[in-house]
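If you read the protein sequences in the order shown, they are chains B and Y.
When we follow the working numbering, the leftmost residue of the first sequence carries the number 919, and every step to the right adds one.
When we follow the working numbering, the leftmost residue of the second sequence carries the number 919, and every step to the right adds one.
Hints should not be assumed to be uniformly reliable.
The list makes no distinction among identical chains, and a pair is therefore deemed to hold if it is satisfied within one copy or across any two copies.
[To be verified] 20 Å max Cα-Cα, derived EDC-like pairs, lysine to aspartate or glutamate:
#, residue 1, residue 2
1, 1111, 1068
2, 1002, 1060
3, 1087, 924
4, 1076, 926
Hints in this document: simulated from the structure, not taken from any laboratory.
If you want the building blocks of each chain, they are given just below.
Number of protein chains: 2
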Amino acid sequence: MKVIRDPEKLNRLLKRLSRSGKSMGFVPTLGALHLGHLSLIKQAVKDNKVVVVSIFVNPAQFGKSEDLKKYPRFLKKDLELCRKCQVDFVFLPSDLIMYPQGYSTFVDVKGLSSRLCGVTRPGHFLGVATVVVKLLNIVKPDNLYLGQKDVQQSIIIKRLVEDLNFPVKVKVMPTVREDDGLALSSRNIYLNKQQRKEATVLFKSLWLAKSLIQHGQRDAQRIISRIKQLIGHKKQAKIDYIAIVNLKSLENIKKINQQGCLIALAVKFGKTRLIDNFLINNV
Amino acid sequence: MKVIRDPEKLNRLLKRLSRSGKSMGFVPTLGALHLGHLSLIKQAVKDNKVVVVSIFVNPAQFGKSEDLKKYPRFLKKDLELCRKCQVDFVFLPSDLIMYPQGYSTFVDVKGLSSRLCGVTRPGHFLGVATVVVKLLNIVKPDNLYLGQKDVQQSIIIKRLVEDLNFPVKVKVMPTVREDDGLALSSRNIYLNKQQRKEATVLFKSLWLAKSLIQHGQRDAQRIISRIKQLIGHKKQAKIDYIAIVNLKSLENIKKINQQGCLIALAVKFGKTRLIDNFLINNV
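Looking at chain B on its own, in the form it has when it is part of the complex (with noise of 0.2 Å):
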């Protein structure tokens, strides 16, 4: 496995590979791996002749108030699991390589960017969009891998590959979760013991809206309603948002039909804010 902190070297590596017709997955991250993360490399790792990660905390993608500087970097623990999950390159480049002085470029998903965490994180997208278009230039990869998890991330880029001709096929992976059924993520260490309890709140709050849906319940603002209600009932859990959604265009819709929709929330517990999401098909 190689570590490379230059972009023009990783792509000229990477050219010559792809030259010799071998297929190359590409991995973002932050790093702070975790299984979510590794179910990802794996599927890259079984689908492809060449993996590339990449560990870069993007300055871009957090807002002013935001957790950038404290987010959580394990960089030893990460490059053993890449290593170990048979990872060929990973990428670690600096912020200064990704954005020196004068950068100026800044690519928008319109729309879609400024719906659901695009309320709260106004400016987050614009980052995420623009440091993906910088990877999959560097990278120039086959296949793309995506949790499930960020639903709004992933939309959001398939959008942009389409929208700007990016040669990649972008394969969304399932959200993996812990036993209780929280949502893997790096931001999971932040919670004290009562928040880590709490948080399943998140996973219940779907499973509700699944159940109530399955026996027939199609008016999203009561959908809405009854996990207000159950959030309500913790103490340290405060909604950013609780929104149905329509899957391609993430505009709330007041009637589930039988296109299915995106059930997705974020909740803030002190000031580690969690996002999950569950899709509805074949209603």
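Position chain Y relative to chain B; hints supplied.
Chain Y alone, transformed into the frame defined by chain B:
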């Protein structure tokens, strides 16, 4: 020479050629080819094994009140010229294949895009940057050829290529001019006889500025005043801007120093807006 309308088909064909190690040159155009375009194409043919020319009147870079609909289109002649120049592929996409329903992604080169032509053409360079990213992803050239006449465009594209890590070399070719100095432009055909005659004032203004600098003038405002006087004598000329700017930031400068500068101007003759510029080096 192959004329291809489908981005994915072109991408597939070119990928095969690129894998066989052939260097690729790309000349993006809006069609209505003149000797300026041909100088780019000839240089591309000289430098590369495979040459791609795109002909696409990109709606995203035209303002609502601009000349998108009446922009000159001479497809048959354009294709003939490309054939004569030994172009290998002409990419000829439709508006709908480039911007299908639901299209949402835009590339913004902040700062640079809002100066000079960006003041009277807001959104123009957003459209340029966006289509160039799309074209670079479809063609994946080694070398990209642009004209010095559209200097702001070439500076913005160089910036986005660097910022977004596109592995392509940008080559800017000198402005091609008529015998009387008028820079070639597809829009010159809009000019009536009187306007055509007066339009040489752009070139004359740049020469005046150059000569003043050569004789020791360093005050940008004084040079601009002299140009204003000169253009003031032309009955149909209406100044959009005359600017003396830093070559990298495109910000106005007060004093011309050893690093040189860019003198750029835009002048309207009736509805036709013409631009021209001189680079001043080694003062």
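Item to check | Index of numbered hints that the structure contradicts, given in increasing order | outcome: Numbers 1 and 2 - these are the hints that the structure violates, sorted from lowest upward.
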